[in-house]
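Colleague: If you're matching them up, the sequences are chains A and B in order. Position 123, counted from 1, in the first sequence is what this note's numbering calls 123; the numbers after and before it change by one each time, with no gaps. Position 37, counted from 1, in the second sequence is what this note's numbering calls 1037; the numbers after and before it change by one each time, with no gaps.
These are calculated hints, taken from the structure and not from any lab test. A portion of the hints provided could be inaccurate.
[Unchecked claim] DEER-style ranges, computed between Cβ atoms:
| hint | chain 1 | residue 1 | chain 2 | residue 2 | range |
| --- | --- | --- | --- | --- | --- |
| 1 | B | R1066 | A | Q375 | 22 to 28 Å |
| 2 | A | L394 | B | E1161 | 42 to 48 Å |
| 3 | B | T1075 | A | P307 | 53 to 59 Å |
| 4 | A | E297 | B | R1066 | 32 to 38 Å |
[Stated by the list, open to error] Some chain A residues close to chain B (C-beta under 10 Å, calculated; not the full set):
| hint | residue |
| --- | --- |
| 5 | T48 |
| 6 | V57 |
| 7 | P58 |
| 8 | T59 |
[As the list claims (entries may be wrong)] Computed footprint of chain A on chain B, listed as stretches where at least three residues anywhere in the stretch have a Cβ under 8 Å from a Cβ of chain A:
| hint | segment |
| --- | --- |
| 9 | 1008 to 1015 |
| 10 | 1019 to 1025 |
| 11 | 1073 to 1087 |
Here a beta-carbon is modelled for each residue, glycine too, at the ideal position from N, C-alpha and C.
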Amino acid sequence: MAMSCGQAGRLSLASAGGHASEAERLELEAHLAACARCSADHAIVASTARTLRASEVPTLSPAARQRVWRAALSRRAHAPAAPRALGWPLAMGTAVAMAAAVAIWIGVRAPSQYAIVAGDVTASPQRTAGGGTTLRSGSAKGGVVKLADAKGTLSPATEILWRHEPRVVELRQGALTVDLDHRPGQHFEVRTPRFTVEVVGTKFTVDMRGVRTERGKVRLLKPDGAEIGFLTAGLAWTAPDDATGAQAAAPPAPPTEEPAPPSEPPAVVAASAAPGEDAGVRLGRARRALARGNAREARHLVEPLFPLARDVAAEARVIHAESYLSERRYDDAIIRYSVVVRLFPGTPQAESAMFAIAQLESEHGQPSVARATLQEYLARYPHGRFAKEATARLAQQK
Amino acid sequence: MPPAATADDPAMVAGCRAGQASSLEQFFVTHVRYVERVIARLTGPTPDLEDLVQTTFIQAFQSFGRYRGEASLKTWVTRIAVHTALHQLRSGVRRMVPLEVVSDGDEPSDPVATADQQAESRQLARRLHALLDRIAPKKRVAFLLYTVEEYSIEEVAALTEASKAATKSRIWFARRELMAMVKGQPDLRQLIESSGAQSWR
Chain A
1 MAMSCGQAGR LSLASAGGHA SEAERLELEA HLAACARCSA DHAIVASTAR
51 TLRASEVPTL SPAARQRVWR AALSRRAHAP AAPRALGWPL AMGTAVAMAA
101 AVAIWIGVRA PSQYAIVAGD VTASPQRTAG GGTTLRSGSA KGGVVKLADA
151 KGTLSPATEI LWRHEPRVVE LRQGALTVDL DHRPGQHFEV RTPRFTVEVV
201 GTKFTVDMRG VRTERGKVRL LKPDGAEIGF LTAGLAWTAP DDATGAQAAA
251 PPAPPTEEPA PPSEPPAVVA ASAAPGEDAG VRLGRARRAL ARGNAREARH
301 LVEPLFPLAR DVAAEARVIH AESYLSERRY DDAIIRYSVV VRLFPGTPQA
351 ESAMFAIAQL ESEHGQPSVA RATLQEYLAR YPHGRFAKEA TARLAQQK
Chain B
1001 MPPAATADDP AMVAGCRAGQ ASSLEQFFVT HVRYVERVIA RLTGPTPDLE
1051 DLVQTTFIQA FQSFGRYRGE ASLKTWVTRI AVHTALHQLR SGVRRMVPLE
1101 VVSDGDEPSD PVATADQQAE SRQLARRLHA LLDRIAPKKR VAFLLYTVEE
1151 YSIEEVAALT EASKAATKSR IWFARRELMA MVKGQPDLRQ LIESSGAQSW
1201 R
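Same shape as in the complex, but just chain A:
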């Protein structure tokens, strides 16, 4: 009985997939010899199957496989324990607003004098109650100052008020990076009217919108002293949206003799700002959504930015990872940080992301995995921002 074109089509598929018997193939061949249309159709199917089968199959590099293995193992071991670290952006919600001034208290006995170490920094005495010294960096160039035992790096157009008793720094505008080596009993507190950041031997950057920890760990407290959470090295927090307008709620700035220079964009954001305003605005909205605890909105905002320019995409991916972090979905956060590491090698975001992965692995019961990540970090960034911390952590694990 002659084969219909429909039957030939089905047999063509079976043949292309290697499922036809010899007898079926002969039967099909006979039909195709007499039917030009089916013959042409079969050529397409057979060629498609053959071409795709013969095409090169991309596979993962050994390093990528190692990352997959670590992430999967980490997930396996994940216990839904109460998060100790970084669940706090969610808890913060709108309760925390950024103040116009950030107070940094150095709670140890240390030299009271300040010193201008480098850069374009001017000093003028503060003659209002409380005293202190106002330090300003130029609008084009920042500077480095010594504040007791701490080294402070002022971004351009930054103004701080330094009081040696009780060793408080108020950040009035711009951005300040504080670097303080760990010493027993020594700690910092970063205070605002709405929250306090407590530090033990660390390096971190504070600007008018948030904090990024580069080394060590800071503890975030509510004004009443209740613990909000920890911000470990490589991670950042940005204040909620309403914080921008919270200047009125901040302590009144001491009078100055001249108008303050324009506020410097937050260093953390500026470091990775999108060249296009729209992308930059969107990143900012995402950050603010994240600070409000709305992780899904943050993800929604940044996902369209993934295909954009490298610096925009890298920051968008970081926010994406942090959104999972804020939801306490640590394994998902690790996966997304891994994406940053993989897609944006050589960027500050990738370096921070790799260290963040190690932090999360370490804090969620994967010390051996974290160790491998730290070793990989040091191999990639022997002089990186977290190299000192990574080396110390590895030494602790020995």
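Once you have looked at the hints, place chain B on chain A.
Modeller: Here is chain B on its own, set in the frame of chain A:
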């Protein structure tokens, strides 16, 4: 034909169920390359391959408690990989530039083919993948599993958790849509013909 499933080591299976790292590692090392291959076949070139493989193994590691041993571990993890690929295709997020991938050392390119032939083959593959992107994920996956990965109708049905009838239907309609698209592109059709498509398997 898809690689035959070998008998799984009972001790490894028990260890995986218990969440033992050594057993999980053995499972991972045994199956990771195959999982990569299946996902890459189904999704086409994608820089998200690592994420998709990772998702597959995370789901596997979390699901061992529900693994009853009715299918081999290879079949079981392939099913997860198929679902992961399907989910990715359904999401509509397609990025075509492969990043940090290396060619599979197990599949050397045809040493007989000339550079021109290889380039032509790659071009054809790229265009076919572009056409496949326009076919609904379920149909695309069923078609590829059946014709490229050479799974039987029953196996495709099991991997995609569909009935045999639905699977046949999906493969058939994928074929039909592919035909229509190729016929609408004379240059592609010519490329297919020049690639020696008339040869029998």
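Colleague: Indicate, hint by hint, whether the structure satisfies it.
Modeller: Okay, the hints, checked on the actual structure:
1. B:R1066 x A:Q375: 22 to 28 Å: Since the Cβ atoms of R1066 (chain B) and Q375 (chain A) sit about 35 Å apart, the hinted range of 22 to 28 Å is violated.
2. A:L394 x B:E1161: 42 to 48 Å: 46 Å, holds
3. B:T1075 x A:P307: 53 to 59 Å: Once the Cβ atoms are compared, 36 Å apart, the range 53 to 59 Å for P307 (chain A) and T1075 (chain B) is violated.
4. A:E297 x B:R1066: 32 to 38 Å: 33 Å, holds
5. T48: 6 Å, holds
6. V57: 5 Å, holds
7. P58: For P58 (chain A), the interface hint holds, since the closest Cβ of chain B sits about 4 Å away, which is under 10 Å.
8. T59: 5 Å, holds
9. 1008 to 1015: n = 0 at 8 Å, threshold three: violated.
10. 1019 to 1025: Three-residue rule met by the segment 1019 to 1025 of chain B, so holds; n is 4.
11. 1073 to 1087: violated (count 0)
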